[in-house]
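**Student:** So the sequence lines, in the order shown, correspond to chains A and Y.
According to our numbering, the first sequence is numbered sequentially starting from 1.
According to our numbering, the second sequence is numbered sequentially starting from 1.
Hints should not be assumed to be uniformly reliable.
Keeping only pairs whose Cα atoms sit at most 27 Å apart, straight-line, the calculated BS3-like set for lysine-lysine is [to be verified]: (1) Lys-39(Y) to Lys-148(A); (2) Lys-39(Y) to Lys-62(A); (3) Lys-31(Y) to Lys-148(A); (4) Lys-72(Y) to Lys-148(A); (5) Lys-6(Y) to Lys-123(A); (6) Lys-12(Y) to Lys-58(A); (7) Lys-65(A) to Lys-62(Y); (8) Lys-58(A) to Lys-74(Y); (9) Lys-123(A) to Lys-12(Y); (10) Lys-123(A) to Lys-62(Y); (11) Lys-6(Y) to Lys-148(A); (12) Lys-12(Y) to Lys-121(A); (13) Lys-14(A) to Lys-12(Y); (14) Lys-31(Y) to Lys-123(A); (15) Lys-31(Y) to Lys-136(A); (16) Lys-62(A) to Lys-74(Y); (17) Lys-74(A) to Lys-22(A); (18) Lys-74(Y) to Lys-148(A); (19) Lys-62(Y) to Lys-62(A); (20) Lys-72(Y) to Lys-58(A); (21) Lys-72(Y) to Lys-62(A); (22) Lys-12(Y) to Lys-11(A); (23) Lys-44(Y) to Lys-22(A); (24) Lys-121(A) to Lys-6(Y); (25) Lys-136(A) to Lys-12(Y); (26) Lys-72(Y) to Lys-123(A); (27) Lys-6(Y) to Lys-58(A); (28) Lys-58(A) to Lys-76(Y); (29) Lys-62(Y) to Lys-148(A); (30) Lys-136(A) to Lys-22(A).
The following residues of chain A were derived to be distant from chain Y, with all beta-carbon distances above 12 Å [claimed, not checked]: (31) Gly-30; (32) Ser-33; (33) Gly-45; (34) Tyr-89; (35) Pro-91; (36) Ser-124.
For the record, the hints were derived by calculation from the structure and aren't laboratory data.
Quick reminder that beta carbons are idealized off the backbone N, C-alpha and C, glycines included.
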Amino acid sequence: MSLHTLLVDTKEEKISSEKAKKFILSEENGAESIFIGRVRNENSGKKVKAVTYDAHDKAVLKSFKTICDDAKSKFDKNAKVFLEHAKGYVPVGEISILIAVSSGHRDEAFKICRYILEEIKHKSPIWKQEHYADGKEEWLPGHSLRPKEEVK
Amino acid sequence: MEIELKLFGSSKILSENDTLLIEVSDNSNIKELRQKLEKLITEKYSKNNLNNLANTAAFFCKDDEIIDDNYKLKDKELISIIPPIGGG
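From just these sequences and the hints, can you work out the full model?
**Tutor:** Next up, the structure:
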């Protein structure tokens, strides 16, 4: 198996880099690239205490598979890819996304990791609601999936 | 007729439930659903972050595929509203 994708319900478990490292380990792949995204304590001058991630589960998992398959086709079909994204409440400092890739060479490992991250931001139906230290909360703006020519 | 709108992201502000029932005229399409939604947001939910939601959102049918503005809605159909996304 060369691909693992999952939406992790934060009420039940946390995203673990150890699991990712074990999954991508392969004697055929000499390069490993791991991207970890964590919730920051500040955004646009506001003190953030946590982020809630909402997701359209079925569409997200479908998009994850398509994105990862595309990345492998483009850069290295023998790459092993581990991708997990949080769903639910994630306090500052905890992992929201983890992408781990092993590949034949470093260039492909870096490229696959970056490609997957950027594509998720534009294709996977996931939303962020920031919770601030002052008690307020806000859904963040994002990328519209409506065809550009239709948006007024 | 009535449409059941499944709410995601910022659209969750529209209801405490996971879905919102919206009355639309018979034979309405997504374009008319957008207009109805815009009116509803303006009249009842003039809250932050909903600006332009009716215009920027995409909609999924039950197969989780994006549907365009000409998509004909059916009575009691479940439609997902997909506000602008931003994971990672």
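**Student:** If a hint holds in the structure, say so; if it doesn't, say that too.
**Tutor:** Consistency of the hints with the structure:
1. With a C-alpha separation of about 22 Å, the suggested pairing of Lys-39(Y) with Lys-148(A) holds against the 27 Å cut-off.
2. Taking the CA atoms of Lys-39(Y) and Lys-62(A), the gap is near 33 Å; set against the 27 Å cutoff, the hint is violated.
3. For the suggested pair Lys-31(Y) and Lys-148(A), the alpha carbons sit about 15 Å apart, so the restraint of at most 27 Å is met.
4. Between Lys-72(Y) and Lys-148(A), the direct Cα distance comes to roughly 21 Å. Compliance with the 27 Å bound is thereby established for this hinted pair.
5. Distance check on the hinted pair: Lys-6(Y) and Lys-123(A) sit about 19 Å apart at the alpha-carbon level, within 27 Å; holds.
6. Straight-line distance between C-alpha atoms of Lys-12(Y) and Lys-58(A) comes to about 18 Å, which keeps the hinted pair within the 27 Å bound.
7. In summary, the hint linking Lys-65(A) to Lys-62(Y) is supported, as the alpha carbons are separated by about 20 Å, within the 27 Å threshold.
8. Of the supplied pair hints, the one linking Lys-58(A) and Lys-74(Y) holds, its CA atoms being roughly 22 Å apart against a limit of 27 Å.
9. Proposed proximity of Lys-123(A) and Lys-12(Y) is supported: the alpha carbons are some 20 Å apart, at most 27 Å.
10. Taken as a hint, the Lys-123(A) and Lys-62(Y) pair is honoured in the structure, with Cα atoms around 18 Å apart against an allowance of 27 Å.
11. Restraint check for Lys-6(Y) and Lys-148(A): the C-alpha separation of about 23 Å stays at or below 27 Å, so the hint holds.
12. Proposed proximity of Lys-12(Y) and Lys-121(A) is supported: the alpha carbons are some 20 Å apart, at most 27 Å.
13. Annotation: proposed proximity of Lys-14(A) to Lys-12(Y) holds, straight-line Cα distance about 25 Å (limit 27 Å).
14. With a CA separation close to 22 Å, the supplied pair Lys-31(Y) and Lys-123(A) stays within the 27 Å bound.
15. Our distance criterion of 27 Å between C-alpha atoms is broken by Lys-31(Y) and Lys-136(A), whose separation comes to about 33 Å.
16. Of the pairs offered as hints, the one joining Lys-62(A) and Lys-74(Y) holds, with about 25 Å between alpha carbons and a cut-off of 27 Å not exceeded.
17. Of the supplied pair hints, the one linking Lys-74(A) and Lys-22(A) holds, its CA atoms being roughly 24 Å apart against a limit of 27 Å.
18. For a cut-off of 27 Å, the pair hint linking Lys-74(Y) to Lys-148(A) stands: about 26 Å separates their Cα positions.
19. With a C-alpha separation of about 14 Å, the suggested pair Lys-62(Y) and Lys-62(A) falls inside the 27 Å cut-off, and the hint holds.
20. A threshold of 27 Å between alpha carbons decides the hint, and for Lys-72(Y) with Lys-58(A) the separation of about 23 Å falls inside it, so the pair holds.
21. At most 27 Å may separate the alpha-carbon atoms for a hinted pair to count; Lys-72(Y) and Lys-62(A) meet this at roughly 25 Å.
22. With a C-alpha separation of about 20 Å, the suggested pairing of Lys-12(Y) with Lys-11(A) holds against the 27 Å cut-off.
23. Using a Cα cut-off of 27 Å, the hinted pair Lys-44(Y) and Lys-22(A) is violated, with the two alpha carbons roughly 51 Å apart.
24. A distance of roughly 22 Å separates the Cα atoms of Lys-121(A) and Lys-6(Y); the hinted pair therefore holds under the 27 Å criterion.
25. At most 27 Å may separate the alpha-carbon atoms for a hinted pair to count; Lys-136(A) and Lys-12(Y) meet this at roughly 16 Å.
26. A C-alpha spacing of about 25 Å is found between Lys-72(Y) and Lys-123(A), which places the hinted pair at or below 27 Å, so the restraint holds.
27. With a C-alpha separation of about 13 Å, the suggested pairing of Lys-6(Y) with Lys-58(A) holds against the 27 Å cut-off.
28. In summary, the hint linking Lys-58(A) to Lys-76(Y) is supported, as the alpha carbons are separated by about 21 Å, within the 27 Å threshold.
29. Between Lys-62(Y) and Lys-148(A), the direct Cα distance comes to roughly 23 Å. Compliance with the 27 Å bound is thereby established for this hinted pair.
30. Under the criterion of a C-alpha separation no larger than 27 Å, the hint pairing Lys-136(A) with Lys-22(A) is inconsistent with the structure, at around 40 Å.
31. Under the 12 Å C-beta cut-off, the non-interface status given to Gly-30(A) relative to chain Y holds; the minimum distance is some 27 Å.
32. Every C-beta of chain Y lies more than 12 Å from that of Ser-33(A), the closest at about 16 Å, which supports listing it as non-interface.
33. With a least CB separation of 17 Å from chain Y, Gly-45(A) remains clear of the 12 Å interface cut-off, as annotated.
34. The claim that Tyr-89(A) lies off the interface holds: its Cβ sits roughly 14 Å from the closest Cβ of chain Y, which is beyond the 12 Å cut-off.
35. Every CB of chain Y lies more than 12 Å from the CB of Pro-91(A), the least distance being 17 Å, so the non-interface label holds.
36. A cut-off of 12 Å between C-beta atoms contradicts the statement that Ser-124(A) is not in contact with chain Y; the least separation is 5 Å.
In this structure, the earlier hints numbered 2, 15, 23, 30, 36 are contradicted, and the remaining ones agree with it.
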